[in-house]
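Below, each chain spelled out in residue letters.
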Amino acid sequence: RKEVEQDPGPFNVPEGATVAFNCTYSNSASQSFFWYRQDCRKEPKLLMSVYSSGNEDGRFTAQLNRASQYISLLIRDSKLSDSATYLCVVNMRGYGGSQGNLIFGKGTKLSVKP
Amino acid sequence: DVKVTQSSRYLVKRTGEKVFLECVQDMDHENMFWYRQDPGLGLRLIYFSYDVKMKEKGDIPEGYSVSREKKERFSLILESASTNQTSMYLCASGPYSNQPQHFGDGTRLSIL
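For the protein sequence lines, the chains are A and B, in the order given.
Going by this note's numbering, the first sequence opens with residue 1, and the numbers climb by one from there.
Going by this note's numbering, the second sequence opens with residue 1001, and the numbers climb by one from there.
Source of the hints: derived by calculation from the structure; they are not laboratory data.
Ideal Cβ positions, reconstructed from N, Cα and C, are used throughout, including at glycine.
Where hints are given, some of them may not hold.
Residues from chain A that face chain B, not an exhaustive set, calculated with beta carbons under 7 Å [unchecked claim]:
(1) 34
(2) 44
(3) 46
(4) 101
(5) 104
Pairs of lysine to aspartate or glutamate, EDC-like flavour, derived with a Cα cap of 20 Å [to be verified]:
(6) B:1013 <-> B:1062
(7) B:1071 <-> B:1028
(8) A:45 <-> B:1038
(9) A:42 <-> B:1079
(10) B:1055 <-> B:1030
(11) A:106 <-> A:57
(12) B:1003 <-> A:43
(13) A:106 <-> B:1001
(14) B:1003 <-> A:15
(15) B:1003 <-> B:1072
(16) A:45 <-> A:82
(17) B:1003 <-> B:1030
(18) A:45 <-> B:1062
(19) A:106 <-> B:1026
(20) A:106 <-> B:1105
(21) A:42 <-> B:1022
(22) B:1053 <-> B:1026
(23) A:45 <-> B:1001
(24) A:42 <-> B:1105
(25) B:1053 <-> B:1017
(26) A:113 <-> A:15
(27) A:109 <-> B:1038
(28) A:42 <-> B:1062
(29) B:1057 <-> A:3
Based on the provided sequences and hints, a complete structural model is requested.
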């Protein structure tokens, strides 16, 4: 069964706060993991890929835990401009074609307040 | 930068009409996708294509068809539009099925 689950939120945090999102996935054979950002009434945009060893891009850190089948996104020093919905995306083998396909979570809404 | 262009940002059609949504990508990607996005339901895959003239059903293909006659163009067709097809439609493309997809701006379609 293909499934990617996220806490829908909303997460309401003050500027400067650190916030973490988690996402669980059901298919242990998944090999590709991403975080997307979607602003209100806009298209989703790739925020970062998630690598096995974990990776960082400025204030954003992504982690992968294969044993527990979850990925996380940490945002430090939150800015007003970080307000958006964050989508967890996982490649699901056996879902369309030999390499599988991407499954998008429903997203976690973040609102950063002054 | 990858550019995925959808033909319309906003579209209003009537029940029973045949509706065409067009999508063009400029990165020579093999894979193209059509999704719809509704509040609380997230992105749902309608159809996708791995190659010219090739198509595969996604999770919710009923009431839709697609056409891919050229590599860069992927069209979504609503055969007979119904009010429950009012939604945001998003086209995406990607080099491989397990690699990031790049989205167009979306078409907000209203069926009256």
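Results of checking the hints against the structure:
1. 34: Holds, because the Cβ-Cβ distance from residue 34 of chain A to chain B comes to roughly 6 Å (cut-off 7 Å).
2. 44: Holds: closest Cβ of chain B sits about 5 Å from residue 44 of chain A, inside 7 Å.
3. 46: holds, 5 Å
4. 101: Residue 101 of chain A check passes; min Cβ-Cβ to chain B is 5 Å, inside 7 Å.
5. 104: holds, 4 Å
6. B:1013 <-> B:1062: Holds, at roughly 19 Å.
7. B:1071 <-> B:1028: holds, 7 Å
8. A:45 <-> B:1038: Given that 20 Å is the threshold and the Cα spacing comes to 17 Å, the pair holds.
9. A:42 <-> B:1079: Not satisfied, since the Cα-Cα distance of roughly 26 Å exceeds 20 Å.
10. B:1055 <-> B:1030: holds, 12 Å
11. A:106 <-> A:57: Given pair residue 106 of chain A, residue 57 of chain A is violated - Cα atoms ~23 Å apart, limit 20 Å.
12. B:1003 <-> A:43: Since the Cα atoms of residue 1003 of chain B and residue 43 of chain A sit roughly 13 Å apart, the hinted pair holds (cutoff 20 Å).
13. A:106 <-> B:1001: violated, 26 Å
14. B:1003 <-> A:15: violated, 33 Å
15. B:1003 <-> B:1072: Holds, at roughly 11 Å.
16. A:45 <-> A:82: Distance of about 13 Å is within 20 Å: holds.
17. B:1003 <-> B:1030: With Cα atoms ~14 Å apart, residue 1003 of chain B and residue 1030 of chain B stay inside 20 Å; holds.
18. A:45 <-> B:1062: This hinted pair is violated, its Cα atoms lying about 27 Å apart.
19. A:106 <-> B:1026: With Cα atoms ~28 Å apart, residue 106 of chain A and residue 1026 of chain B exceed 20 Å; violated.
20. A:106 <-> B:1105: holds, 18 Å
21. A:42 <-> B:1022: holds, 18 Å
22. B:1053 <-> B:1026: Holds: residue 1053 of chain B and residue 1026 of chain B sit about 18 Å apart, inside 20 Å.
23. A:45 <-> B:1001: This hinted pair holds, its Cα atoms lying about 12 Å apart.
24. A:42 <-> B:1105: Cα-Cα ~7 Å, so holds.
25. B:1053 <-> B:1017: Distance of about 24 Å is beyond 20 Å: violated.
26. A:113 <-> A:15: Satisfied, since the Cα-Cα distance of roughly 6 Å is no more than 20 Å.
27. A:109 <-> B:1038: The hint holds at about 15 Å.
28. A:42 <-> B:1062: Violated. Residue 42 of chain A to residue 1062 of chain B sits at ~25 Å, over the 20 Å cutoff.
29. B:1057 <-> A:3: Roughly 18 Å separates the two Cα atoms, so the pair holds.
Checked against the numbered hints listed earlier, the structure breaks hints 9, 11, 13, 14, 18, 19, 25, 28; every other hint is satisfied.
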